[in-house]
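Mind assembling these two chains? They're in different frames, but the hints should get you there.
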Amino acid sequence: MKVKKITYAQAVAEAIDEEMQRDNDVILLGEDVGILGGNFKATVGLYEKYGEWRVRDTPISENSFTGLGLGAALTGLRPIVEIMFGDFLMLALDQIGNQAAKIRYMSGGQAKVPLTIRTTLGGGRSSAAQHSQSLQALVCHIPGLKVVVPSSAAEAKGLLKTAIRDDNPVIFFENKMEYNKIYEVPEEEYTIPFGVANILREGEDITIVGTSNQALNALKAAEELTKEGIEAEIIDPRTLVPLDKNTIIKSVKKTGRLLIVDEGYERCGAAGEIAMSILKDVFYYLDGPIERLTTANLPLPFSPVLEFPIIPDEKKIYQKAKEMVKG
Amino acid sequence: MAEYVIMPKLGFNMEKGTVVKWLVREGDLVKEQDEILEIETDKTVMPVEAQTSGILRKILVAEGEEVPVTLPIAIIAGKDEDISKMIDEAYQKLGKTEVVEKEESKVDRKVSPVIEESQEIEAKKEKEEFKKISPGARRKAKELGVEVESVEGSGPGGVVIEKDVISYYQNHQVKVSPVAQKIAEKVGVDLGTIKGTGIGGKKMKRDLQEILTKGEEVNKTEKRISYTGMRKIIGDRLSQSKFTAPHIYFTTSVDISRIIALLKRFNQDVEERISINDFLVFVAARVLVEQPNINCSLLGEEIVYHKDINIGVAVALEEGLIVPVMKNADKKSLSVLSKEIKKLIRLARERKLMPEDYNGGTFTISNLGMYGVDNFTAIINPPEAAILTVGTAKRVPVVIEEKGAEKIEVRSLIEATLSVDHRLIDGAKAANFLKRLKHYLEFPESLVLC
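Chains A and B supply the protein sequences, listed in that same order. Okay, so the first sequence: first residue is 1 according to the working numbering, each after it adds one. Okay, so the second sequence: first residue is 1 according to the working numbering, each after it adds one.
Same shape as in the complex, but just chain B (with noise of 0.2 Å):
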C-alpha cells in the first residue's frame, strides 16, 4: 500500500519543518523505521524514520525546502504500485505543479510494453502469494511481537492459525543461559537488547558482564541535553503559571469504598472497564455543572466564566506531560467518558493526539494514584483556574458512627488536593467544591438526582 511520508510534528509549538538532507534516493528500498531523512525545527536536527516499508518512489520536497507540518514530503510504495494521483494530491497540498514528470513518465510507459507485461505478471504472482492469517493470529503476534509474515500456517489452505504463533513463539523464544538470567533480573537489564555469543545465539554471563562494564563508563560522563521543544514548553508555561497566580491548596480525605464496589459491579463481564479516574472525571464534571465559578479563566482584564465543562487528564510521557481533554465532560455518560478518556490516553502515548485533543481545557484532573503517592499539590495549568491531583487509594481503618454509636471499620480512602488560583477563586468556594466532590464520591447514588 503506497503512503506518504509527512512532515512530522514534533513539537507542540511546531509548524513548519525544513528538510535538511535525504538519507535515501528515489527507488532506495527502505524498511520501517530506517532513518530516511533529516528534518530541522527550532535549531534542532532530527532523523524521521518510515512509518512503512517499501520503495521510497518520490521525493516532494527538496534539500533545503521548508513545509507546514503533516504535509506529504514523500511517497513510500510498492515497486509497480501507481501513485501518480497520490503525486498529484501531493503537489496540490503543497501548492506546486510539476508537469515535466508526469510527461516524463508517460514517455516512459509507450516506449517501454515489455516491462509493463512483467508487471503485470509480477502483481499476478503477488495475488497468489497472498499468505491467509486468521485474525487470531494476527492479534497474538501482536501480542507476543512476532512477525507473523514469517510464520508457517498449519491451518486449513495454510492459514496461519493462533497456535503457530505461539509455537512459533515458543521456538523462537531467546535463549539465555541461566547465570545471565539471574544477573540480568539483579541489576535490572533488559535481555533484549543484549547480543548473544553462545551457541546459537545463546546469551550468556560474558556479554551481560561486557555491557555492564561500558555501562558504567557511560555514566561517568554526565548527559546534557539542549532545554528546548516540549521540554521548554512545559518549563515555560508551569513557570508563568506558579510565579502569577497565587496557588493556594485543600485537601481532603474521600472514602472510596463504594465506588470501588460500584465499579466492580459495573466491570462484571466487560471489555473496556471503567476505571476509579473515569469516575473521577465524571464525578468532576458534574460538581462543576453546580458551581461554575470553579471553570473559569483569567483573560487579559476579564474572568470569564466558561459555558463548557472541558476536562483534562494528565498523562506523563517520556518527554514530558500532556493533558488530552475531554469535550463536554458533563454532558456525556460514564461510559462514553471512559471511553474518550482511554482513546485519548493511548492516542498520547502513542503521540497521535492533534492540537484539538488537548487545547480548550477549562480543569483538570492529575492522578498519580498508581505511583503510590498519598497526595502531592500540582501547579494550575494556564490559563485554567483550578487543578485536582488525586493520591493512591489505601485501606485505612476509619471511625464511622451508625445508630449513633461509633465503630472502627477498614474502608478505602485516597487524599484529593485542589489547587485554586486565589485571584480568581476563594477559600470557600474551593473547600466547597471539594465538599461536593467528597459527597458524590461517598455517595454515588446522589449522582442518580443529578
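This is chain A alone, in the form it adopts within the complex (with noise of 0.2 Å):
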C-alpha cells in the first residue's frame, strides 16, 4: 500500500475534498471554514475550490447553522456542519438532539437527515473550561445520533467519508490535538465503516479500548508495559455509536481485564458505558474489575501544571494497567 504523509488536519480536508468532488449535493457550513480555511486549517483551499455557496462562512449562531444544515439536509443536500469546540455542541442542542435526531424516526422513515457534524475534543492547549470539553458522551446519550471517535489522520479520513455518505447524522469528533501532527495516510481512495472496532495491537495480557487518541495513547504505554512482561491488546473502537461490542468481548475474554481509557469526564461517560455494555458478556471471564482512565469530573482547568494531570495520558495509561495485572 502506498502512503503519504500529511497532517491530521490535511487528511480532514482531503476527506471533505473527494466527497464535495464525488457528490455535488455535499456542502460545508461554519465559523470560519471558508476564507480563513478553518480555526484549525482543516477546511483549507476548499473554499477557493468550490466557492461560497458550497462552502460557507456563517455568523457566530451554533443552534442557527446546525438548523440550517439540517433543513439543507431534509430538502435533499448532504451539509457537513462545523461546530468550532465540541464545547459549543451546547448551543446546537436543541438542533441535534431534538430535531436533527428524532426527525427520521417520527416521520416513519420518510425522512432522512444526511447530516455530518464535525466537531473538537481533547484538552491540553490551555484553553480552559470552555474549550477543552470531550463531549462524546453527550451525544452518545441520544437515541438517533451516530458517534465517531477517530484516533489517527487515516482513521479520521476514511471515516469522516463513511459520516458524509451515512444517510443519518453524524458527530464526528476530532481531536484538537492532533491537527498538526504528521501521520502516515494512503495514497489511493478508501473508507472505514461505522460499527467495526480495530485492534491496534494484540495480547494476552490485558485488554485495553482507548477512544479517540487514547488508542494511539494507549498503544504507545503498550510499548513500555512490554518491559514488564506485559503483554496489552489495543482496541480503537472507531465509534461509540454504533459500538463493536464483539470485538471487545472477543478480547476480553481472552486477557480476562479490561482498560478502557476516554477523554471524557468520568461521571456518566463513554468508559462506563463499555463497561457495563458488556460487563454481562464477559463476566465470567475477569480476572480483575473492570476499569476506567477518564478526565476527572471538574472543569478544565487553564493551568498546564494543572490541566495535565486530570487528563489521560500515556504514562497514566501505562501505571494504571500495571496496577491492574501485577498489583
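Everything labelled a hint here was simulated from the structure, so no lab data went into it. Please note that the accuracy of each hint is not assured.
To give an idea of the chain A side of the interface with chain B (calculated C-beta under 8 Å), a few residues [claimed, not checked]:
1) Asn-246
2) Tyr-284
3) Tyr-285
4) Leu-286
5) Glu-323
6) Lys-326
7) Gly-327
Quick reminder that beta carbons are idealized off the backbone N, C-alpha and C, glycines included.
Printed below as a string of C-alpha cells:
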C-alpha cells in the first residue's frame, strides 16, 4: 500500500474535498470554514475550489447554522456542519438532539437526515474550561445519532468519508491536539465502516480500549508495558454509536482484564457505558474489575500544571495497566 | 451460608417421605455429598446426601416421621450462624411448634457471654480471611473440576486468577504410566476411579489389572433391581398407551439443507446456538396452529382439542425418559424457544424439573439424531394423540428438478416419523401434518408468512 505523509488537518480536508468532488450535494457550513480555511486549518483550500455557495462562512450562531444544515439535509443536500469546539455543541443541542436525531424516526422513515456535524474534543492547549471538553458522551446518550471518535489521520479520513455518505446524523469528533501531527495516510481512496473496531495490537494480559487519540496513547503505553512482561491488546472502537461490542468481548474473554481510556468526564461517560454494555458477556471471564481512565469530574483548568494531571495520557495508562495486572 | 436439607422428590409420584434414620447427629460436621440420613419411599429406603458442607445444626424431623416432599427436614449452617429465623420458618412450614428449644437457646446465650465474645472474634477472622477469586478463575475451576479454594493466587493482592487455576490443574493432573494409559483406553476404563499405587500416587499397569480382574467377577453375577419408581411409571404409561391406543405410523424424508444454512448464519458470533431440534419444535408448533385436529386428547368420553400448544421434548436420563414441556410453543419466537428448551433440558439433566415443567404437554417430539438412528417409531405419550420422531441428518444424493431438467445434488436429509392415535386421527390428517411440516422445513422462508 502506497502512503503519503500529511497532517491530521490535511487528512480531514482531503476527506471533505474528495466527497465534495464525488457528490455535488455535499456542502460545508461553519464559523471560519471558508476564507480562513478553518480555525484548525482543516478546511484549507475548499473555499477557493468550490466557492461560497458550497463552502459557507456563518455568523457565530451554532443553533441557527446547525438548523440550517439540518434543513438542507432534509431537503436533499448532504451538509457538513463544523462546530469549532465540542463545547459549543451545547448551543446547538436543540437542533441536534431534539430535531436531527428524531426526524427520521418521527416521519416513519420518510425523511432522511444525511447531516455530518464535525466538531472537536480534547484538552491540553490551555484553552480553559469552555474550550477543552470532550463531550462525546453527551451525544451518545441521545438515540438517533451516530458518534465517531477517530484516532489517527488515516482513521479520521476514512471514517469522515463514511460519515458524509451516511443517511443519518453523525457527530464526528476530531481531536484538536492531533491536527498538526503528521501521519501516514494511504494514497488511494478508501472508507472505513462504522461499528467495526480496530485491533491496533494483540496481547494476552490486558485489553485496553482507547477512544480517539487515547488508542494511540495506549499503543505507546503498551510498548512500555512489554518491558514489564505485560502484553496489552489495544482496541480502537472507532465509533461509540454503533459500538462494536463483539470485538471487545472477544478480547476481554481472552485477556480477563479491561481498561477503558476516554478523555470525556468520568461520570456517566463513554468508558462507563462501554464497561457496562459488555459486562454481562465477560463477567465469568474476568480476572479483576473493569477499570477506566478518564478526565476527572472537574472543569478543565487553564494552567497546564493543573490541566495535564487530570487528563489521561500514556504514562497514566501504563501505570494503571501495570497496577491491574501486577498489583 | 445456612441451608435447609429438604425431603427430596425422588420419583414423579413421590409426594411424601419418611425419615428412617439419621446417620449424623446435631453438631456433626458434614461435607457435601456425605450421606446424612435415610428415607423411605415406595417401600425403598434411600440415603440422602448433603447438598452443602457445614455443621448439621438442627434436625427438624425425627426418625419415623413422614413429611411431604420439598419441606425442610434439617438445617446445615456455619458453626456460629444465627439460624433461629430459619427454624421458625421451617416449623411453620411443617406445621409444628417447638417453643422449648428456642427458650433453651436464649438461656444459653445469657449464661455464656464468654462464648459469644469468642464467636465474634472468630467471625471477624473469617471476614479477613475472605479469599479473593476472580470470576474467570471460578469459571475455569468449574470447567476443570479444580477445588478453587485450594489454589494459590498470584494476582494483585493475592487474588486467584484464571492462570493460577490452569497451572494448579496442570500440576495436580493425575499421573498415569504410559502402559496403564494405553490399557485404560483400550478397555474403556475411567482412570479417575482407580487408585494409584506407584510413586506419588501414579497409576500403574498393576492397578488397572487388579480392577479388571475384579470387574470380571462382578460381571458373572446378574444384576437385579426392583421394577419400581420412575422405571415403573414409564413402563405403566407406555404399556397403557401402546395397548389401548391403536398406533399408526407415517414416515417422510425432509431436506434440511436450507435450515442448516440458515442456522449457520443465525449462529454466527452468538453464544447460545439454535439447534435443528429447536427449529423443529418451532415449526411443529406452527403446523399445529394450522392443524388443530392433531393437538388433541381422548379424555373419558370426549375428544378435547386443546387451545394451547405445549410441545414436549424427550430427554434421556440414566434412570429413564423425561419429557419437559415448552408451554405455548406457537407463541414464542425461535430464540426464546431455543433458550427455554436448553434451560429445560439442563434442568432435566440436573434432576431439577418441577412437575409444571413436564406436565400439560399436547404433542411430543423425540429426536435420536445424535445417536445416528435413521428413523424410529415412538409410543404416544398419553393423553396426547401424536408424537413426532426424528432421525439423524444424512448427506444423500437427491434428484432435483431445475428448469425442467433433472440433476443429482448432495443434500442433508432427515427422516421424520409421526405416530398417531387412530381413534382420534385418521391417516390423511396425519399425512397432511407431515406434508406441511416438510414444507416449512424445506422452505423455511415461508415461515415469514405464518
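Going through the hints against the structure:
1. Taking 8 Å as the C-beta cut-off, the interface hint given for Asn-246 (chain A) holds, the closest approach to chain B being about 6 Å.
2. Against a cut-off of 8 Å between C-beta atoms, the interface hint on Tyr-284 (chain A) holds, since the closest Cβ of chain B lies about 4 Å away.
3. The beta carbon of Tyr-285 (chain A) comes within 5 Å of a beta carbon in chain B, closer than 8 Å, and the hint placing it at the interface holds.
4. Using the Cβ-Cβ criterion of 8 Å, the hint placing Leu-286 (chain A) at the interface with chain B is satisfied: the shortest such distance is roughly 5 Å.
5. Interface hint at Glu-323 (chain A): satisfied, since its Cβ lies 7 Å from the closest Cβ of chain B, which is below the 8 Å cut-off.
6. The beta carbon of Lys-326 (chain A) comes within 7 Å of a beta carbon in chain B, closer than 8 Å, and the hint placing it at the interface holds.
7. Against a cut-off of 8 Å between C-beta atoms, the interface hint on Gly-327 (chain A) holds, since the closest Cβ of chain B lies about 3 Å away.
Hint violations for this structure: none, all hints satisfied.
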